[in-house]
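*Asks:* In case you want the letters, here they are:
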Amino acid sequence: MAQTGGNPSCSEVINAIQNYLPALYFTFSRGKTELLADELSREWDFLYQREKARVREIIKETEDTHPGLFGPRRGKLKQILTQGIAYHHAGLSPALKDLVERLYEMRLIYVLFCTETFAVGVNFPAASTVFDTCRKWDGREFRGLLNREFFQMAGRAGRRGFDPVGRVYVRIDHRFPDQAGFYSEEEIEPVRGRLVISPNTVLSLLYWKTDEEINRLLDQNLAVYQNNREGRKIKEDLAGLEEKLAALEGVFCPQVDTPACYMMRSKLKKELRSLARKNKRGRPGMRERREEIRELLKTAQKKCHHRPCTEARRKQTDLAERKSRLERRMRVLGSHARDYERDFNRVWDLLEDMSYVEGRKLLPRGVFALHLHVQEILVTELVFNGLIRDMPPALVAAILAGVDYVPGRDDSVEPGPYSLREVETLRKSLLRSGVPENFCVWSPLPGPLASAWYEGASFEELLSMTNLQEGDIFSIIRREIDLLRQIERAAGDDTGLRRQIENIRLRLDRDEIAIPGI
Amino acid sequence: MCEMRASERRKNLFAGEKPRQKTKRRPFRRDSGRAVPAGPIQLDPFQQLAINFLAEGHNVLVAAPTGTGKTLIAERLIGQVLDGGRGIVYTSPIKALSNQKYRDFTGMFGVEKVGLITGDVSVNERAPLLVMTTEIFRNWCFANPEMLDGMTHVIFDELHYLDDRERGTAWEESIIFAPPHIRIVGLSATVPNVRELASWIAEVRGRPVKVIEERCRAVPLELGWITPESDVLDEGGAREYIRQRLERRRGRWAALPEGGDEALACD
Numbered sequence: 001m002a003q004t005g006g007n008p009s010c011s012e013v014i015n016a017i018q019n020y021l022p023a024l025y026f027t028f029s030r031g032k033t034e035l036l037a038d039e040l041s042r043e044w045d046f047l048y049q050r051e052k053a054r055v056r057e058i059i060k061e062t063e064d065t066h067p068g069l070f071g072p073r074r075g076k077l078k079q080i081l082t083q084g085i086a087y088h089h090a091g092l093s094p095a096l097k098d099l100v101e102r103l104y105e106m107r108l109i110y111v112l113f114c115t116e117t118f119a120v121g122v123n124f125p126a127a128s129t130v131f132d133t134c135r136k137w138d139g140r141e142f143r144g145l146l147n148r149e150f151f152q153m154a155g156r157a158g159r160r161g162f163d164p165v166g167r168v169y170v171r172i173d174h175r176f177p178d179q180a181g182f183y184s185e186e187e188i189e190p191v192r193g194r195l196v197i198s199p200n201t202v203l204s205l206l207y208w209k210t211d212e213e214i215n216r217l218l219d220q221n222l223a224v225y226q227n228n229r230e231g232r233k234i235k236e237d238l239a240g241l242e243e244k245l246a247a248l249e250g251v252f253c254p255q256v257d258t259p260a261c262y263m264m265r266s267k268l269k270k271e272l273r274s275l276a277r278k279n280k281r282g283r284p285g286m287r288e289r290r291e292e293i294r295e296l297l298k299t300a301q302k303k304c305h306h307r308p309c310t311e312a313r314r315k316q317t318d319l320a321e322r323k324s325r326l327e328r329r330m331r332v333l334g335s336h337a338r339d340y341e342r343d344f345n346r347v348w349d350l351l352e353d354m355s356y357v358e359g360r361k362l363l364p365r366g367v368f369a370l371h372l373h374v375q376e377i378l379v380t381e382l383v384f385n386g387l388i389r390d391m392p393p394a395l396v397a398a399i400l401a402g403v404d405y406v407p408g409r410d411d412s413v414e415p416g417p418y419s420l421r422e423v424e425t426l427r428k429s430l431l432r433s434g435v436p437e438n439f440c441v442w443s444p445l446p447g448p449l450a451s452a453w454y455e456g457a458s459f460e461e462l463l464s465m466t467n468l469q470e471g472d473i474f475s476i477i478r479r480e481i482d483l484l485r486q487i488e489r490a491a492g493d494d495t496g497l498r499r500q501i502e503n504i505r506l507r508l509d510r511d512e513i514a515i516p517g518i
Numbered sequence: 001m002c003e004m005r006a007s008e009r010r011k012n013l014f015a016g017e018k019p020r021q022k023t024k025r026r027p028f029r030r031d032s033g034r035a036v037p038a039g040p041i042q043l044d045p046f047q048q049l050a051i052n053f054l055a056e057g058h059n060v061l062v063a064a065p066t067g068t069g070k071t072l073i074a075e076r077l078i079g080q081v082l083d084g085g086r087g088i089v090y091t092s093p094i095k096a097l098s099n100q101k102y103r104d105f106t107g108m109f110g111v112e113k114v115g116l117i118t119g120d121v122s123v124n125e126r127a128p129l130l131v132m133t134t135e136i137f138r139n140w141c142f143a144n145p146e147m148l149d150g151m152t153h154v155i156f157d158e159l160h161y162l163d164d165r166e167r168g169t170a171w172e173e174s175i176i177f178a179p180p181h182i183r184i185v186g187l188s189a190t191v192p193n194v195r196e197l198a199s200w201i202a203e204v205r206g207r208p209v210k211v212i213e214e215r216c217r218a219v220p221l222e223l224g225w226i227t228p229e230s231d232v233l234d235e236g237g238a239r240e241y242i243r244q245r246l247e248r249r250r251g252r253w254a255a256l257p258e259g260g261d262e263a264l265a266c267d
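The listed protein sequences derive, respectively, from chains A and B.
Here the numbering used here is used: the first residue of the first sequence is 1, the next is one more, and so on.
Here the numbering used here is used: the first residue of the second sequence is 1, the next is one more, and so on.
It is worth saying that the hints were derived from the structure and are not from the lab.
Just so you know, not all the hints are guaranteed correct.
Unchecked claim - Only pairs whose alpha carbons sit at most 16 Å apart, straight line, appear in this in silico EDC-like list of lysine to aspartate or glutamate:
hint, chain 1, residue 1, chain 2, residue 2
1, B, Lys24, A, Glu43
2, A, Lys361, A, Asp349
3, B, Lys24, A, Asp349
4, B, Lys24, A, Glu39
5, A, Lys270, A, Glu291
6, A, Lys209, B, Glu146
Unchecked claim - Between beta-carbon pairs, the in silico distance windows are:
hint, chain 1, residue 1, chain 2, residue 2, range
7, B, Glu166, A, Ile58, 33 to 39 Å
8, A, Gly144, B, Glu240, 18 to 24 Å
9, B, Asn144, A, Asn215, 21 to 27 Å
Glycine residues also receive a C-beta, built at the ideal position from the N, C-alpha and C atoms.
Using the sequences provided together with the hints, build the complete structure.
*Replies:* Shown next, in the form of structure tokens:
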């Protein structure tokens, strides 16, 4: 058996399921999709000659409209496409992703190695789906897939009117067999409210909404609604528990908790035994207590069937435990009841401290930030501290590319000719004056790419400056275009600023970065 | 077939040798190149029900597995609204998907009828059918609700994005602040608490919400597990296999204090 350290190679996996192709082979790293595709292509070929010719033809047509389609990095993909194999992930350029998607829809791809993004939105059904692993990095930690995520992907298996069942395969890793997941549609996780109060939300509420409407968001959002519901449910449960507890009281006879009662006697006897232990014997007061217990036990035991009483007592302890658990949960809910009001006031205070608002009235900074939807405080401060207006446009492009960008561990870009130190200084002073870190997210990393693109560099030149992938560069510049449009709107009557920003935007929105087909 | 040991194979790799296979493997193909038939024209009962509720002017939430045809409901509604000379908004969670929908809809309803507005692209902003990202719709609800005067519905595709830590806020603010005359249409993957979501929307919108749940998949799923030996097991078999494997490993580690890993790999 051809094996990689005890695991079946993906060739073997495909061999096992070869009656159920096309397959979507999910894995959660871009590199892995490429690696597996490469591996499979060394052994398998899924296309007949005429199909290969068709693929070459389609590639040719696409290359004619998108020169440099495969660029310096995707030669291998071009080759394996003619074998009916491909990979698809967010690092590919949109034109290439589109090509792979089209070939898939034309049934010219038999095994597609892909990441989760392939399963969002547009429905590309397959005969089977394979999970190379059930664990993914979610930006914070490695964790198992949720049922919801698993079925979003798994559900691509089964083509309507074509396959009697959709086949889903989870690979068991020979080293970590216990990481293979088990999933059930009955256990899909409920949707929870996730409202977050951002500076823009506060400004928008203050500017456009009445007090009543503001309260509607703070008191009736989904999270609050769900907590209230849970609270009501707990109250009902508590009332039910109280009733049961009260009913149990009626079981006991009047002698309960007196030395005549069997239960009381066993409790006392137990205590006596424990007091007799060596480690307790010497302590002060113990001797007296033992005397006392012995005295109490001299009382005659009541002759009775004590079974119903002990049963009832056991139930009582159980119920009391459940009750205290619910009460604890109730206290937690109670302590979060005013979270949104608190968050809202916190951001409002910050905006007031920074002269964005005065009470409910928006000041110039506030009016500006009203039109921004990413890192609104940082961007407003960049503009109001003179780091944007009348600065060289390539420098502005570099600064704004880094807004809201969080570099990956191994990302690297050759440094550009501009110094971005002033932005760093401004950011530090904002943090010092109490602006939370998540309102000042910025990185110098993508800057040189944006300024080079502004100055007319080719996409291939950008690629030679960095190890970032085509899709990453595309989304960095598209996101910047989005931000530039927001700043244009925020500039309002300030035509100087608006023109300056518009000029940058129009020069960025070209060639490979432009949206195809729109 | 295990004559070639892992170490030998590694040596071969280092020598830069390619596998000695002359011809590549081909699968046995029963269905060579036939196109997937288009979905049935006949509406499923749940689709018909949703369309009826919408025609009666209700807010509607549809929760159904992927591939069961939620989109068809949206398309029917869009067709009806456009025929009636009114406007409608379609929001999707990701830009690439918005672009895709824009292309689909222009093919279906004509270029002049469709607009696209995402953060970085805006085409035909005054069209009666607007494809947007949810964030843009949210911004309109605050800044220019008058742009939505002629619109009757907003369709939220993939409504379960409400639960997204980064972006859920846009959906919530949209639902709470959409102008009162706008009807909400939510399309969601299967979620267990869709009725709770509906009653929340009903509370904030002050109008009842009809819920349509389709639990059955158009094509049922069959789950299997593939072992390191390339066997396909069902759930019971897989659980047993994993249990045994873990147990054996524990035994092995105890018996082989060093170099155990190598021995395991050639098992």
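*Asks:* Okay, which hints does this one fail, numbers in order?
*Replies:* Per hint list: single violation, 3.
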